[in-house]
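**Student:** Each chain, letter by letter, is given below.
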Amino acid sequence: MKHPFGVNILSQYIDKRSAKKEAERIETHVALCQSCKRDLVILENLVKALNSVKDVGPAPNFDFRFNKRLDEAIKKRKEEKIYESIARRALESFDRIQIKPAPVLLKTVAALVIVFAVSVACFGQFSVVSPEVISAEGKVALFDKSQGKWVDAKLASRIDKGDIIKTYSSGEIDVGASKIYAMRIKENSEVEAISLTRRGIKGRVFFNLKSGRMLVDIGKKFKGSEFRVLTPAAEAKALGTKFMVDTSEDDSRKTWVGVAEGEVEVKSTSMPDIYAMAKEAVIVKAGQKTEIIPGMPPLMPQKLLDEEWRKIQELYQIGSKMQVVLLISMGDSRVREFLRPCPLYISQELPRTIPAILEDAVVIINEAIEKKDKQKHLEAANKLKEIVEKYPDPRYNAQFLMFIGAYYNDIGSYENAIDTLEKVIEQYPHSSLASLAQCAIGSIYEEGLNNKDKAIEAYQKVVQNYPNSPEVQIAKSALDIKKGR
Amino acid sequence: MQPSDEYLIQKAREEDRSTFEELYNRYKKAIFGYIYRLIGDKAVAEELTQETFVKVYMNLARYRPEGKVSSWIYTIAGNLAKNELRSRGYRKTVSLEVTVSDDERITIGDMLADESFKPDDITQNEELKQDIQKAIQMLPVKYREVLILCDVQSLSYDSVAEIIGSTIGTVASRLSRARAAFVKIFRENFGDRT
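In order, the protein sequence lines correspond to chains A and B. Note that full-length UniProt numbering has the first sequence beginning at 1, numbered continuously upward. Note that full-length UniProt numbering has the second sequence beginning at 1, numbered continuously upward.
Since the hints were derived computationally from the structure, they do not count as laboratory data. Even glycine gets a Cβ: it sits at the ideal position worked out from N, Cα and C. Heads up, a few of these hints could be off.
Unchecked claim - 30 Å max Cα-Cα, derived DSSO-like pairs, lysine-lysine: (1) 37/A with 142/B; (2) 54/A with 16/A; (3) 54/A with 29/B.
Said to hold, decoys possible - Just a sample of chain B residues kept apart from chain A, beta carbon distances all over 12 Å, derived: (4) 3; (5) 4; (6) 10; (7) 83; (8) 141.
My request is simple: use the sequences and hints to build the entire structure.
**Tutor:** What follows is the structure, given as C-alpha cells:
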C-alpha cells in the first residue's frame with residue numbers, strides 16, 4: 001500500500017489546518033493503513049506529551065529579585081536622563097553660538113572651550129550635591145524657594161538651596177544624592193538646605209535642623225567634602241560617617257548627636273565667654289553620643305546606651321540599602337548584644353519587593369522582642385526557618401540563621417542554638433557573621449551549658465580562624481578568664 | 001472581566017507600576033517556561049526572564065499596537081535566549097544534526113505509538129520529563145523554538161509567526177520537521193525507555 005501523506009501533511013492535520021477534502025482523504029486512508037495510523041498516533045501523543053511539560057515555574061523568591069532588579073534599572077535610567085539633558089543643553093548652546101561664520105582658529109578655540117565646559121558640567125553631575133527625594137511617607141511638605149510656595153514632596157523632586165522640608169506627625173522622608181549621601185528626616189521635623197555647593201570636585205553641604213530628628217549616611221564618594229548639620233544649639237560636622245541628630249522638643253532645646261560609624265565633630269554654636277576655657281568642639285566616635293544645651297559646651301562623648309544604639313540603627317534603612325539587616329554594634333558587647341535577640345529591620349523604601357511571609361516574620365519578631373515573649377520568639381524562629389527553606393536567598397540566609405540561633409538561645413534551647421550557629425560557620429565561612437557565630441557558640445557553652453572545655457575550644461577557634469575579626473578581643477578576654485590569668 | 005494586555009500596556013506607560021505588575025504576573029510563568037525549554041538551565045532562564053521584563057518595562061513607549069503584546073514579550077524573550085545560546089557557542093556543541101524529509105516515515109512502536117497513552121504518564125514521571133527536556137535540547141534552535149511555542153505553550157500559528165518574524169507557512173513546515181526530528185531523537189536516544 002502507498003503512503004501518500006508525509007509528516008508535514010499529518011502534522012497539519014492534527015493541528016486541524018488541513019482542507020476539508022484532504023482531511024477526509026487522510027481519515028479514509030488512516031482507517032485502512034496501520035502504518036499511517038501509527039504515525040498519526042505518535043504525532044498526536046507527541047503534542048500531548050510536550051503540552052504536559054508546560055507547567056514549570058521560577059523559584060519562589062523570583063518576584064522579590066525581579067522587583068529589586070527593576071528598581072535598579074529605573075534608578076539607572078533616571079540618572080542617564082540627567083546626563084542626557086546636560087549634554088543636550090550643551091549642544092543647543094553650541095548651535096546658538098555658530099550663527100556667524102568665524103575664522104578657523106577662533107572656531108577651534110571655541111570648540112575646545114565648549115568641550116572643556118561640557119566635560120566639567122558632566123563631571124560636576126557625578127559630584128552633584130543637591131539631593132532628591134528617595135521616598136516619602138505620610139504628610140511631608142516641601143517649600144520650593146524658586147516658586148516661593150509649599151508643595152507636596154514627590155519622588156525624585158530635587159532639593160535646592162533654600163528649600164525647606166517639613167514632616168508632620170506621621171510623615172517621614174528619605175532624601176539623598178546618589179551614593180554620595182542620604183538622610184532620613186523623621187516625623188515633626190523641619191530642615192532647611194542652607195548650602196549645596198560644589199568646590200571643584202568636592203561638595204559643601206549644610207542643613208539646618210530647626211526642629212526634630214534626622215539621620216545621616218555619608219557615602220564613600222563624599223570623601224573630602226564637607227557635610228554639616230546645624231541645630232539651634234550645635235553644629236555637627238561629619239567626617240565620613242553615619243550619625244543621627246536630634247533636637248529636643250522640651251524647653252531645654254538641647255541637641256543630641258549619636259554616631260554609628262566614623263566620627264562627627266560637634267561644637268556649640270553659641271557659647272558665652274565664661275566657657276572660654278571649655279572645649280568648644282568634641283569628636284564623637286562610632287558607638288558614642290554627646291549632648292549640647294544652647295549656650296553650653298558639648299558634653300564629653302559617652303557610650304551609647306542600648307536603646308540609643310537601637311534607635312540609630314535605623315540609619316541602615318535609608319535609601320537603597322539591603323532589604324533585611326541584622327544590626328549589632330562593633331564594640332565589646334557585640335556577642336552579648338547579639339544573643340539577646342535584636343530587632344529585624346526591613347527597608348521601608350520598597351515594601352512590595354518583600355515576600356508577604358517576611359513581613360509577617362518581622363511583625364512577630366519585633367513583637368517578641370518588645371513583649372519579651374518566649375513563645376513569640378519560638379514562633380519567630382520557626383517563621384524564619386520557613387523563609388530560609390522556602391525562599392532561600394544568599395543575601396539574607398546567614399542573617400536569618402543568626403537570628404534563629406539567638407532566639408533558640410534566648411528561650412534556653414542551647415543545643416538548637418549551637419546547631420544553627422554552626423550552620424552559619426559551615427555554609428557561610430566567608431561571611432562577616434561567621435566569627436560572631438563562633439564566638440556566640442563559646443558564650444552559649446560558657447553561660448548556657450556551663451561547659452568550660454567546649455567554651456574554651458570555641459573561643460580558641462575564634463582566635464585561630466578569625467584573627468582580624470571584631471570578636472578576637474572578646475574571645476581572648478574570655479580565654480584569659482577561663483585559664484585563670 | 002480581565003483588562004486586555006493593550007490596556008495594561010497603556011496604563012503602565014503612565015508609570016503605573018502596579019499595572020505593569022499585572023502584566024508581569026500574567027506572562028512571567030509562560031516566558032520562564034519558554035526560555036527554560038529553549039536553554040535548558042533554570043538559573044539562566046530566571047535571569048533571562050527577569051531581563052525580558054526589565055526590557056519590556058523600559059521599552060513600554062516603543063511598543064506598537066499593530067502586534068500582540070504577548071508576541072512582543074515572547075520576541076524579546078526569544079532574542080535574549082538565542083543570544084545566550086550564541087554566546088555559549090551552542091551550535092558547535094550540538095553534535096546531533098537531524099535532517100528530516102517530508103516523506104520520512106515514523107515506524108517505532110513505542111510509548112508515543114501507544115493509543116492508550118495519557119499525558120499523566122509523563123507528568124507523574126520526573127525521569128520522562130527530563131528526557132523530553134533533553135530531547136528538546138538536541139533539536140536545532142529554529143525547530144526548538146517553534147516546537148516549544150506551538151506544542152508546549154499551545155500558541156497559535158499566527159502568534160508564533162509574529163514572534164519568530166516569519167510566515168504561517170514557515171511555521172507549519174518547521175513545526176512538522178521539528179516534530180519528526182523530535183520523535184527521531186527520542187527514539188534513538190531514549191529508545192530503551194520507550
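**Student:** Name the hints, by number, that the structure is in violation of.
**Tutor:** none
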